[in-house]
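Trainee: Listed here are the chains, written in short residue letters.
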Amino acid sequence: MIEVKKLHKSFSGVEVLKGISTSFEKGKTNLIIGQSGSGKTVFLKCLLGLFDYEKGTIAYDGQIFSQLTEDQKRNLRAKIGMVFQGSALFDSMTIAENVMFPLRMFTKQSKSEMEDRVDFVLKRVNLDNAHNKMPSEASGGMQKRVAIARAIVNNPKYLFCDEPNSGLDPKTAIVIDNLIQEITDEYQITTVINSHDMNSVMEIGEKIVFLKNGLKAWEGSKETIFKTDNEVVTDFVYSSNLFKKVRKMYIEENQ
Amino acid sequence: MTYLYNIGSYFLMIAEMFRKPTKWSVMKTLIFKDINDLIIGSLGIIAFISFFVGGVITIQTALNIDNPLIPKYLVGFATRQSVILEFAPTFTSIIMAGKVGSFITSSIGTMRVTEQIDALEVMGINSLNYLVFPKVVALMLYPFTIAIGMFLGILGGMAACVFGGYTSLADYIIGIQTDFETFHVIYAFVKTFIFAFVLATIPSFHGYYMKGGALEVGKASTTSFVWTAVVVILLNYILTDMMLGQ
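Chains as they are written, first to last, in UniProt numbering: chain E, 1 to 255; chain F, 1 to 246.
Don't read these hints as lab results, they were simulated from the structure. Cβ atoms here follow ideal geometry from the backbone N, Cα and C, with glycine treated the same way. Certain hints may be false.
[As the list claims (entries may be wrong)] Label pairs and their computed distance ranges (CB to CB):
id : chain 1 : residue 1 : chain 2 : residue 2 : range
1  : F       : 222       : E       : 136       : 19 to 27 angstroms
2  : E       : 90        : F       : 40        : 20 to 28 angstroms
3  : F       : 11        : E       : 75        : 25 to 33 angstroms
4  : F       : 40        : E       : 126       : 35 to 43 angstroms
5  : E       : 107       : F       : 9         : 28 to 36 angstroms
6  : F       : 18        : E       : 63        : 22 to 30 angstroms
Take the sequences, apply the hints, and build the full model.
Mentor: Structure representation (C-alpha cells):
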C-alpha cells in the first residue's frame, strides 16, 4: 500500500501539486486520471522518487520515502517495476537482455535460472519468440509488453505505469490493460497507472483518483464514476457523446 | 552564475559517479563494450591522421630550412618533438573530443530523452556509475592509442622524407634520436591521462543533464565538443607550464 499525505510540489515558484492526499491499495489497479497539465506525471514522478517535493509524505508500506537513506531508497526502488510511456527499453540490448537486466543487477541467479525466468515472463506477456529481436524491430504493442515483462521479472511489490496505452490501437490497448490487471491480481502488486484513456478507466479502474489543477478533485472506482454527480469529473470523463450514452445506459440498467 | 552552477554540478556528478558501484559482472561487460566503442573504434582515424600529419610536419620543416648551416637531421628532430609534445597528446585529443565526445553526449542524451536513464534510476541503479564510470575506465587506455599515434606520426614523417626526397633516411633517423628526453614522453602521457578523464566526463555531463528532445541532443553534442576542446587547451597550457616551464 502507498499512502500520500498533503503532497506539495512546485517548479520555479509555480505550485503544480497543491496538497494531494490519497492511498493506493495492494492488489488493486489504481488509476490517476485528469486533463493534460493537471499534475499526473509530476505526481507519478514524485511517487517514484524521480522528483523531490517540498511538503507532504509518501509512505511505501509504512516506510516514509523522504526519511530513507540513499541506500534504503535504492533498495526500495529495486522492488518497484515501472512501465514508461515510451517503454524506455535499452536500445543497445535485445528484448531478452532487456527483460533479464533487473535480474542481472539485483539477483545472484545463475544464467540458466535467469533465462528460465525471462522465458516465463515473456510467455506471460505473450511474447514467446521475440527473445533475440532488438527493441527497434518490435511494434509499439510489443515494446509495451516487453516493458511490462521487464517491470515484473523481479517480482516487484509496486508497479507504476505511465500512459501504458498511449500510441496503441484500441485492441492492443485492451490487451495491455487486461494484462496489467491480471498481473496485479496474480502477484498482489500495488499498481498505479497514470492514464487519460477512458476505456482503461471503465475497464480496470478499481480505484480512481481524479486530479485537476494539482488538486485531488474526486476519488472512487469504475462503478462509482458512473454515478457521481461531481461536475468536474463528469465534464472530463463524459465529454464524448459515446461515454454520455454509456453512462445513461449504465444508470438505467442499474436503477 | 550559470557557469559556476554547471562547474559545481560537474564536480558533484564526478563524486556521485563513484558512489554505489554497479555489480562487477555487469560493469565488466560495460567496460569492454566502451573499450570497443571508444578506443578500438578510434584507432583507425588516429592512425590515419597521425601518419599524414607527421608527414606534413616533416615537409613543412624541411621546406622552411633553407639555411645550409642548419643540419638536415633537424627535420627528424623537429618532427619527433612536435609529434610527442603536442600533436599526439593535444591535437589528437581535440579530434577525439569531436569523435568520442559527440558519441558519448549523443548516446547518453538519447537515453535521457527516451527515459532510459529514468528507468535505471527507478530500478535503484546509480545511473551515473552505470553510464559514466565505464567510459572513464575505458578511456584510461587512451594513452596506448596516443603511443600508437606518436609512432605513426614519426613513421609518417620518415615516409615523407624518403618518398619526397626532403632529407635522407639516415639524417631523419639521426634527428629522431638526437637529444631524446624520456621526460618529454612522460609529460605527454601525463597530459593524455588527464585529457582522457576530460574526454569521458565533460561529454557525459552534457548528455546526462540535457533537457528537451532530439534537437537538443544535437545542440548538447556541439556544446560538449566546444567545452571539451576549451578545457583540453586550457589544461594543456597549465600542465605545460607546470611540467616544462621554468
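Trainee: Out of the numbered hints, which ones does the structure contradict?
Mentor: Failing hints: none at all.
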